[in-house]
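One-letter residues, chain by chain:
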Amino acid sequence: MNTLNTTVNKEATMPEETPIPVPEEKPAETLIEEGKTVGSPFSDDPKFKLRDVEVFYGDSPAIKKISLDIARNEVIAFIGPSGCGKSTFLRCLNRMNDSIDICRVKGELLLDDENIYDNKRDVVELRARVGMVFQKPNPFPKSIYENVAYGPRIHGLANRKSDLDDIVENSLRKAGLWNEVKDRLDATATGMSGGQQQRLCIARAIAVSPEVILMDEPCSALDPIATAKVEELIAEMSESYTIVIVTHSMQQAARVSHRTAYFHLGHLVEVNDTNTVFTAPEHELTESYITGRFG
Amino acid sequence: MTQAEIVRQSLKRRYRKERRFRAYGIAAIAIALAALVILFTDIVGKGHTAFIKTTLTMEVTLDGEMMYLDDASDPRQLKNADFVEPLIQALMREIPGATESNRAQVRDLINPYASNQLRDALKDNPDLLGTTQTMTFLSHTNVDVYVKHAGDDAYSIKLNEQQRQWVDHLVESGVVQNSFNDVLFSRGDSRDPSRAGILGAIVGSLLTMIVTLLLSFPIGVAAAIYLEEFAPQNRLTDFIEVNINNLAAVPSIIFGLLGLAVFINLFGMPRSVPVVGGLVLTLMTLPTIIISSRAAIKSVPPSIREAAEGMGASKMQVVLHHVLPLAMPGMLTGSIIGMAQALGETAPLLLIGMVAFIVDVPDGFLDSATVLPVQVFLWAGSPELAFIERASAAIMVLLTFLISMNALAIFMRKRLERRW
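Listed in order, the protein sequences are those of chains A and B.
Position 227 of the first sequence, counted from 1, bears residue number 227 in my numbering, the numbering being contiguous throughout.
Position 351 of the second sequence, counted from 1, bears residue number 351 in my numbering, the numbering being contiguous throughout.
These aren't lab readings, by the way, just hints derived from the structure by calculation.
Check before you lean on any hint, since a few could be wrong.
Covered stretches of chain A (chain B as the covering partner; in silico rule of three or more C-beta atoms under 8 Å from a C-beta of chain B) [said to hold, decoys possible]: (1) 93–100; (2) 120–127; (3) 136–142; (4) 145–155; (5) 198–212.
Calculated cross-link-like contacts (lysine-lysine; reagent style DSSO-like; alpha-carbon spacing at most 30 Å) [stated by the list, open to error]: (6) A:Lys-49 / A:Lys-36; (7) A:Lys-142 / A:Lys-120; (8) A:Lys-182 / A:Lys-229; (9) B:Lys-315 / A:Lys-174; (10) B:Lys-315 / A:Lys-161; (11) A:Lys-136 / A:Lys-182; (12) B:Lys-46 / B:Lys-148; (13) A:Lys-142 / B:Lys-148; (14) B:Lys-298 / A:Lys-136; (15) A:Lys-49 / B:Lys-315; (16) A:Lys-120 / A:Lys-49; (17) B:Lys-414 / A:Lys-136; (18) A:Lys-229 / A:Lys-142; (19) A:Lys-182 / A:Lys-161; (20) A:Lys-229 / A:Lys-174; (21) A:Lys-161 / A:Lys-142; (22) B:Lys-298 / B:Lys-148; (23) A:Lys-142 / A:Lys-182; (24) B:Lys-315 / A:Lys-142; (25) A:Lys-65 / A:Lys-106; (26) A:Lys-136 / B:Lys-158; (27) B:Lys-46 / B:Lys-158; (28) A:Lys-49 / A:Lys-64; (29) A:Lys-49 / A:Lys-136; (30) A:Lys-136 / A:Lys-174; (31) B:Lys-414 / A:Lys-142; (32) A:Lys-65 / A:Lys-136; (33) B:Lys-148 / B:Lys-158; (34) A:Lys-161 / A:Lys-174; (35) B:Lys-315 / A:Lys-120; (36) A:Lys-174 / A:Lys-142; (37) B:Lys-315 / A:Lys-106; (38) B:Lys-123 / B:Lys-148.
For clarity, every value in this text was computed on a predicted model and none was experimentally measured.
Ideal Cβ placement from N, Cα and C applies to all residues, glycine included.
Take these sequences, add in the hints, and give me the full structure.
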């Protein structure tokens, strides 16, 4: 055998690739009618009234003519396969897409009958009313106290130190974190566990007493126990806030939400009571998704 | 051949490659280290003697008649009195066999400025007149060179046979002594190597650096924040960005020419002053600071920015409360490295006249000054070897400053760095 200059002459024989059999299905597009949503997307007393919302990244549309009402004090879950536009849609609700240069939003988005995308609208005021919790816990690298106090401070909600202390304590209590951190409010927030960090982010969001809280997959980076705690928290908060939650976990949607909206390729396919969606979905695509045929 | 054999064979080759690659790396580092060691040994070997001065300690009889001086408190008499004679007499007493006929040779052992020291002593204390005092004076540079470098071929000894014997004798009797060269750190430049110091250059460097820091840090950080956070993405900002990157690579002497043309010729600012030096070095360090500050701002995790925006913080609040504190360590590090670069810069300062021979230690931003690297340049070009050793000493001082600045940068980065 030639050990000095070994070359492989023969190509290694590979098993021939066999295509994975794909069940014949009608392409999803043909099942969706643009701007048409089955179920009950509208409500009598909407907090958010969204009509014909379109979002473009450059020239490519990410959201296609969605109309939806979000009722007062309801928990609505957005579900759907990756890339279906549910996060993009969520971020329109407090204009978090503004910082993306190529992103354009069209349509009518009303919060309490006031246009969110009005030119005169101050985005700072909007975000004070519509708080947000992100996918990955993102506490500021400051103390626990400072994290919660930040919002009230920039919005001038507390004039005295004692008021601020009260807000911090109340918010942490509501987030179920007070007993765990009351002795170390000055400790840095980044030293907490992932679940604690996420609850701190929720406490931070509710410290400015928003009317709506948007949650973008709040539990995707958490373990099951931390997830359970956050879900409990969502259930408690639903009494006083309107909550919009994007989730990849259908069980979670089933557990925490009153209504569920199913998104597909930028379309809002179905909105119904959570029970209905998971037990008797009206639309074919919804059924395929919740039974795990794709997504 | 089975697949396992093929893999085993290729493994051997892969390991060989890895070993070879590692060897290249080690060789590269070894070469760099060796170059560094050679450089440092050379500089320290040449320069360490500059930290030693040679002095003469003698009993000086302050005889009024010999000095043509009856009243030491009278400035006019002090001006005309002879302060060299008592020194010659004192030294001649220490040298057996020295007679009036070789007084010139004796005089050449004494530093030409020693008489000034004697005059100043009398001016401060007129009562000394008529007494005998034990005083220490600088020796002549030739004596200094002979004492420190006798037997070194590189140095030419300018003493004759007779003088060498005398100096040998004086060393034995303890009149000629070596001590720490405080002159080097307490005086400005001089034509006489034994009286030349780097204090003037150090102060000049310090003043120049203060101007540079005060201008380049705020301007650089502000420019970086604007470009990174507020500027729209368009052709103009792209153009600016490209030009900043280009400026970082422009040879520093060009900035010197610019300084000469704009600050001195157009604005009519004085030559050789730290303010102009600082302005020129600001232009030179700005690109470095802007680039490193932008990198620091970019490295702030977007999640923090999003969190603050989601809380309803305005753009300004996001930047001031969150981005800036997190980017600060990186910005400071970049600035310190930029400053270290500026501290070692020579070429642009030559063009704005900071290369002048300046004896006085500068006492302000508008006083003529030189800086450390230029002082090194001046001394290194001198034909006198006594200046070469001082140039090496100045290099050592400069390197000490640079190393401490870089150490400070590392310390700050470690200290201020936040983990999340």
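Hints, one by one, checked against the model:
1. With a threshold of 8 Å between beta carbons, the proposed coverage of the region 93–100 of chain A by chain B holds, since 3 of its residues qualify and at least three are required.
2. Counting residues of the region 120–127 of chain A whose C-beta sits closer than 8 Å to any C-beta of chain B gives 5, which meets the bar of three, so the coverage hint holds.
3. Using a Cβ-Cβ cut-off of 8 Å, 5 residues of the region 136–142 of chain A lie near chain B, which meets the minimum of three, so the contact claim holds.
4. Coverage of the region 145–155 of chain A by chain B holds [criterion: at least 3 residues with CB-CB distance below 8 Å; count 4].
5. Counting residues of the region 198–212 of chain A whose beta-carbon sits less than 8 Å from any beta-carbon of chain B gives 4, enough to reach three: the coverage restraint holds.
6. Pair hint A:Lys-49 plus A:Lys-36 holds up; C-alpha atoms about 16 Å apart against a cutoff of 30 Å.
7. A threshold of 30 Å between alpha carbons decides the hint, and for A:Lys-142 with A:Lys-120 the separation of about 33 Å lies outside it, so the pair is violated.
8. With a CA separation close to 18 Å, the supplied pair A:Lys-182 and A:Lys-229 stays within the 30 Å bound.
9. For the hint pairing B:Lys-315 with A:Lys-174, the CA-to-CA distance comes to about 29 Å; that is within 30 Å, so the pair holds.
10. Of the pairs offered as hints, the one joining B:Lys-315 and A:Lys-161 holds, with about 25 Å between alpha carbons and a cut-off of 30 Å not exceeded.
11. For the hint pairing A:Lys-136 with A:Lys-182, the CA-to-CA distance comes to about 24 Å; that is within 30 Å, so the pair holds.
12. Straight-line distance between C-alpha atoms of B:Lys-46 and B:Lys-148 comes to about 12 Å, which keeps the hinted pair within the 30 Å bound.
13. With a C-alpha separation of about 60 Å, the suggested pairing of A:Lys-142 with B:Lys-148 is violated against the 30 Å cut-off.
14. At most 30 Å may separate the alpha-carbon atoms for a hinted pair to count; B:Lys-298 and A:Lys-136 meet this at roughly 19 Å.
15. Restraint check for A:Lys-49 and B:Lys-315: the C-alpha separation of about 28 Å stays at or below 30 Å, so the hint holds.
16. The hinted pair formed by A:Lys-120 and A:Lys-49 meets the criterion: a straight-line CA distance of about 19 Å does not exceed 30 Å.
17. For the proposed pair B:Lys-414 and A:Lys-136, the alpha carbon gap of about 26 Å is at most 30 Å, so the pair holds.
18. A distance of roughly 24 Å separates the Cα atoms of A:Lys-229 and A:Lys-142; the hinted pair therefore holds under the 30 Å criterion.
19. With a C-alpha separation of about 17 Å, the suggested pair A:Lys-182 and A:Lys-161 falls inside the 30 Å cut-off, and the hint holds.
20. Between A:Lys-229 and A:Lys-174 the alpha-carbon distance is near 12 Å, which keeps this suggested pair within the 30 Å criterion.
21. Straight-line distance between C-alpha atoms of A:Lys-161 and A:Lys-142 comes to about 18 Å, which keeps the hinted pair within the 30 Å bound.
22. Pair hint B:Lys-298 plus B:Lys-148 does not hold up; C-alpha atoms about 56 Å apart against a cutoff of 30 Å.
23. A distance of roughly 16 Å separates the Cα atoms of A:Lys-142 and A:Lys-182; the hinted pair therefore holds under the 30 Å criterion.
24. Between B:Lys-315 and A:Lys-142 the alpha-carbon distance is near 19 Å, which keeps this suggested pair within the 30 Å criterion.
25. With a C-alpha separation of about 9 Å, the suggested pair A:Lys-65 and A:Lys-106 falls inside the 30 Å cut-off, and the hint holds.
26. Restraint check for A:Lys-136 and B:Lys-158: not satisfied, since their Cα atoms lie roughly 78 Å apart, outside the 30 Å limit.
27. Between B:Lys-46 and B:Lys-158, the direct Cα distance comes to roughly 19 Å. Compliance with the 30 Å bound is thereby established for this hinted pair.
28. For the hint pairing A:Lys-49 with A:Lys-64, the CA-to-CA distance comes to about 16 Å; that is within 30 Å, so the pair holds.
29. For a cut-off of 30 Å, the pair hint linking A:Lys-49 to A:Lys-136 stands: about 28 Å separates their Cα positions.
30. Straight-line distance between C-alpha atoms of A:Lys-136 and A:Lys-174 comes to about 20 Å, which keeps the hinted pair within the 30 Å bound.
31. For the suggested pair B:Lys-414 and A:Lys-142, the alpha carbons sit about 17 Å apart, so the restraint of at most 30 Å is met.
32. Distance hint between A:Lys-65 and A:Lys-136 is fulfilled; the C-alpha atoms sit about 29 Å from each other, no more than 30 Å.
33. A distance of roughly 13 Å separates the Cα atoms of B:Lys-148 and B:Lys-158; the hinted pair therefore holds under the 30 Å criterion.
34. With a CA separation close to 20 Å, the supplied pair A:Lys-161 and A:Lys-174 stays within the 30 Å bound.
35. Of the supplied pair hints, the one linking B:Lys-315 and A:Lys-120 holds, its CA atoms being roughly 17 Å apart against a limit of 30 Å.
36. Among the hinted pairs, A:Lys-174 with A:Lys-142 is consistent with the structure: their alpha-carbon atoms are about 21 Å apart, no more than 30 Å.
37. Distance restraint check for B:Lys-315 and A:Lys-106: the Cα-Cα separation of roughly 24 Å lies within the 30 Å cut-off, and the hinted pair is therefore satisfied.
38. Distance hint between B:Lys-123 and B:Lys-148 is unfulfilled; the C-alpha atoms sit about 33 Å from each other, more than 30 Å.
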